[in-house]
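J.: Okay, here's what each chain looks like letter by letter:
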Amino acid sequence: MLSILRTMWNVLLHTFHKRVTIQYPEQKPYLTPRTRGRIILSRDPDGGERCVACYLCAVVCPVDCIALQATQDENERRFPEFFRINFSRCIFCGLCEDACPTYAIQLTPDFEMSEFNRENLVYEKEDLLIDGPGKYPGYNFWRVSGVQVGGKGKGESENEQPPTDVRRLLP
Amino acid sequence: MGTIYIDGEAREANDKQNLLHACLSLGLDLPYFCWHPAMGSVGACRQCAVKQFKDENDTRGKLVMACMTPATPNARISIRDPEAVAFRAAIIEGMMLNHPHDCPVCDEGGECHLQDMTVMTGHDYRRTRFPKRTFHDQYLGPFVYHQMNRCIQCYRCVRFYRNYAGGHDLNSFDIRNTVFFGREKDGVLESEFAGNLVEVCPTGVFTDRTLRQHYTRKWDLRMAPSICGHCSLGCNITMGERYGVLRRVVNRFNSEVNGYFLCDRGRYGYEYVNSKERIRDAMLDGKRISGDEAEQQLQTMISGGKRLIGIGSPRASLESNFALQRLVGKENFFAGVALGEWEALTAAVDALRTTPARIASLHDVEESDTVLILGEDVSNSAPRMALSLRQATRQQSFEAAAKLRIPLWMDDAVREVAQDQRSPLFLAATGATRLDDIAAKLYRAAPDDIARLGFAIAHEIHSSAPEVPGLSNEILEAARTIAVVLKSAKHPVVISGTSSRSIPLIQAAANVARALCDSGLRASLSLVAPECNGVGLALMGARPPQEMFDSAKDATVIVLENDLYRRFLRSAVDDLFGSAERTIVLDHLANETTARANLLLPATTIAESDGTLVSSEGRAQRFFQIFPPQPELRESWRWLRDHAWTSLDDVLKAMADEALQLAPVIKAAPQESFRIAGAKVPREPHRYSGRTAKTANISVVEPKPPADPDSALSYTMEGAHVQPPAALQPFFWSPGWNSIQAVNKFQSEIGDALRGGDPGVRLFESSSGGSYFNAIPAPFTPRKSEWLLVPAQHIFGSEELSSHAPGIAELAPDPYLAMNAAGAAKLQLEASSEVEINLGGTAYRLPLQIAPELPDGVAAIPDGLTPARGAELPAWTAIRRAQ
Ligand code: SF4
Ligand code: SF4
Ligand code: SF4
Ligand code: SF4
Ligand code: FES
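Residue numbers (my numbering), protein chains in the order written: chain A, 1 to 171; chain B, 1001 to 1883.
It is possible that part of the hints are untrue.
[Stated by the list, open to error] Just so you have them, the derived chain A footprint on chain B, three or more residues with Cβ under 8 Å: (1) 1164 to 1177; (2) 1212 to 1221; (3) 1306 to 1315; (4) 1678 to 1692; (5) 1746 to 1756.
By construction, these hints were calculated from the structure, which means they are not laboratory data.
Backbone N, C-alpha and C fix where the C-beta goes; we use that ideal spot for every residue, glycine too.
The whole structure should be built from the sequences, with the hints applied where relevant.
T.: Structure representation (structure tokens):
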């Protein structure tokens, strides 16, 4: 009896507390940039596609909802020929973002992607690719990696010596 | 065997081996780079350091390189010793100082031995900030892609390329930390084994350039055990597929056959499977029809008591040939092999069946201490054997090393002892071969003269072999010398084959082997056969091809995976199709024969089929579907099957009941009902990705994995990831060992057979019957105005299927006609002038090449590579300047 009364009293007191419930969708909550919502593919500071089609996001994905195919352009720059995420399977765990060595794949605070049709939750590269670098502005993988790629020769990456001269006679 | 103590535990180890070998054989993880199970140790990388202790009271011990220290009984070592652990971590850190930040775009990633070893030693953070050393890369041809920055200077590549494979154009340059591995200048790698660099190199310096065109990580490949279909040796391979495209071929270890290496035709020929020329639909008189309609059409065409003629194929599986033979009846089943080649092939199979010698596996060839090759250019017709032969010529130096008590795995020391010493390899060939450089004695002559030499050697070895009449003193002398050396050998091997289409050659080789056996030696014999299943076809009891031309009149002709225009004269094939009532063709690549089909049935390639091939060793080996074929495609045996058969096992059973000599074929691999812990063996690795997105663009509902009624392999990643029987091993992968070097974990002792025995069953063992062959040919006499035209084999181009792979096609030679300078002078021709020949009533024009090695009166054209490919060779022809 006493406990019932105490409970009722507590409930009554809550009426005077500040509200935490937000009137979504009329009211939008603030979500930090690190919130794990809709996945995007970003571009490097030069505007090129960041994804180098390394398949690491695909293999780390616990529900296997990422599929892609690597290809090269005429400058030997590797990029995904297609890149597909099946959001009807995605659990927004963010492991792909963790695995990505180029900051290409990023989770964003947008979560409003419900659909009546599951088909519409299959996103292709065109749907995923955004115009900017997302959360990580400065990084460009190709400037760091040692491969030769459109315009950047061997030994021209960050922190590299010029290529050796095999025919040099000095010790 | 002896006892060694590893971290205080007593373990059994092979005392003829080194500590690294011992540790790995025991299943322990010890990182290494420069040691290779087939190439031994040189101690170059310093990665395999362990602590060794004098005795049980020694607590300080000393660091030694496990690969350079013998596993002597009672050796005490520690892998876990903190100093050894720190040393190994420091070595990796040193290698990583200059390593580029490439893994995401490096094709080695995910199966990189360097990644594995780095993880194993625990090095995970770069502490240095100074600029990295870089190198220029080179263009090395269509097969191998070069990224020199990734090199860790282990020297495996040059040791393989130069020492093991006998190549010259890959080398190390420069000094210090800038040692460079590549060619003197950009260009196609010359060795036909260069492709192995992609597996030998523990890093991404050398990667598969064909894979790069459709790159997929190892973890994403659907893989299954397969057999190379590009020559008769039957090397074991693993193929990988993704999104319906065949991505690559890697070696599948079989200690009796290919060991750790393949040839480039086998590794890179796979691309024909993805060719635009593939037949993807059934066609009725040029109109596309569905698979079911085709099935009905086939039924109407073959039922109702019509006379059926079946033409088999040496490049189709046993099962497909058998299904056809069963359908048309034994008396109507013909071998679809060129006439001369068929005669040579049946002679070879006959010789293999009756020889008292052991039929040599590639492993036997490698262990032979004396070699006699009669008229077969193995580097081009059975390429992997050439690599084994190079190792065979080292056998004598192994004895010298053993005398000095140098263990065989001490590679550098053994080679130092050997210097230029080689075990004798006697090479008789019509033209130049890629083994000339290791031959103790070279003998160049027309095939008949080589056969005479062979018969003479046999007679010199054992007098019961027939004597050769009318031998010149010179040849007699040569035969005597060779006979003496062969007789003093421990394990001599005699090699010949069908590519010259010469029966005397084969019988001469068989006589030598028999004479050696009669002299009490343990000799072996190897006869290279045409294509991947020539021996299998010969064992089916097909009727000889010449009889098919008459029988075809007014009959329904069924051609199985065979382009008859490649094998017979155009006019004859035209007549055959013209006189037949109807033609049904099953094949997978469009060709002139498929163009003649009334009913064309799309067949699957090896990559999409299950079946069995019999190698020239007489080894029946099963290959499995890598991926399910598109719905309209079917295996030929499925198109042609008896309706009582529902699966491969039914075909095999029917075949075993019918053809007794083929009964053991059933044992080549476990049946469909085989299970491990209730599950089939998965074709997909446990990390296979994208399952729920792969086909989401077509339908978001994931399809059920395809069923496989024909094998104990499944199209999933589910199942026990434990070692299956070797014939079912879909790929080599073990925790912490992602690269192909994981094969270590599947052998009972490193370098020995896979646990449970190597795949395949041998169909012939030495027999006690048989006798010497007596049909000794007359000596070759050049003619005045005619040349003997012989076929020359080319590793790239002579084989039909692989020549549809772009890389192989790029390296195939242009058509030519070769003769020696004297011949050209006689005709007043110079190199590259156009000549005209006449074969089977048709004139052909070819540019002339001067080949100084060819004997007088003999000319050669590349097999399968000229418009004259249907003409029967060898043939006599006049050669003149084209008008
Ligand atoms: S991990 Fe990053 S770079 Fe690699 S495939 Fe995924 S998105 Fe592309
Ligand atoms: S060689 Fe291995 S470690 Fe080096 S970049 Fe390639 S995958 Fe990475
Ligand atoms: S290229 Fe590869 S095999 Fe050759 S030394 Fe470098 S890492 Fe070793
Ligand atoms: S030797 Fe023959 S079977 Fe072996 S890989 Fe080469 S082509 Fe294939
Ligand atoms: S593996 Fe022992 S030193 Fe390289």
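J.: Now, for every hint given, state plainly whether the structure supports it.
T.: Going down the list of hints, with the structure as the test:
1. 1164 to 1177: Contact hint for the segment 1164 to 1177 of chain B vs chain A: holds, 4 residues under 8 Å.
2. 1212 to 1221: holds (count 7)
3. 1306 to 1315: Answer violated; 0 residues pass the 8 Å Cβ test.
4. 1678 to 1692: holds (count 6)
5. 1746 to 1756: violated (count 0)
Going down the numbered hints, you'll see the structure goes against 3 and 5, while the others check out.
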